[in-house]
Amino acid sequence: MNRRELLKTGMGLAAMSLPGVAKAHEAEVKDHELPEAMLPRLVRMGPGFAPGEIHVNPIEFALYWTLPGGDAMRYIVGVGRPGLYESGEFYVGAKKEWPSWTPTPGMIDREPEKYAKYKDGMPGGIDNPLGARALYLFTPERGDTFLRIHGTNDPDTGSASICVAQLS
1 MNRRELLKTG
11 MGLAAMSLPG
21 VAKAHEAEVK
31 DHELPEAMLP
41 RLVRMGPGFA
51 PGEIHVNPIE
61 FALYWTLPGG
71 DAMRYIVGVG
81 RPGLYESGEF
91 YVGAKKEWPS
101 WTPTPGMIDR
111 EPEKYAKYKD
121 GMPGGIDNPL
131 GARALYLFTP
141 ERGDTFLRIH
151 GTNDPDTGSA
161 SICVAQLS
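In case it helps, full-length UniProt numbering puts the sequence shown at residues 1 to 168.
No wet-lab data here; the hints were simulated from the structure.
Only a predicted model underlies this, so the values are computations on that prediction, with no experimental measurement involved.
Beta carbons: idealized from backbone N, C-alpha and C, even for Gly.
Treat the hints with caution; some may be incorrect.
Computed Cβ-Cβ distance ranges for the label pairs, DEER-style [stated by the list, open to error]:
no.	residue 1	residue 2	range
1	Glu36	Gly93	31 to 37 Å
2	Arg81	Pro35	20 to 26 Å
3	Glu33	Pro140	40 to 46 Å
4	Glu113	Pro51	42 to 48 Å
5	Pro47	Ala116	47 to 53 Å
6	Pro105	Phe49	21 to 27 Å
Given only the sequences and the hints, what does the whole structure look like? Please build it.
Structure follows, in structure tokens:
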């Protein structure tokens, strides 16, 4: 299985998924069947991981949300394109439902034909590439890093630009 196939079939439902999505959005969201191997699952992390942390393994395309007792929930995710994904330690500076989205200047520079039309932003909704929920990652030194853990409105896209994407 190649990377695109893995990502296409493997976008797991995010830890951020919350019930009670607005009815206007529910009516238009596509349903995606996931193979059992790609569904969220409880895994053993072992000692040394505090509950409530998020760890991303970009090689496995997996996000781990740590739980008490050395366990974690594992979600299959899409990760940023090679050369754009940034590893490190971050904290969640904001959590948003149906977040608005504006491409970064770098995204516009790399693909102006795709992103320039959104330079002033896009409101939240089913056409928004951030999907239904987003966690905004910050560092004490930089503040907002423009890195996100977010849903996706289209798991067929293969990967996020610089973020971690999960099926909304």
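Review point. Hint by hint, which ones does the structure fall short of?
Key: Violated: hint 6 alone.
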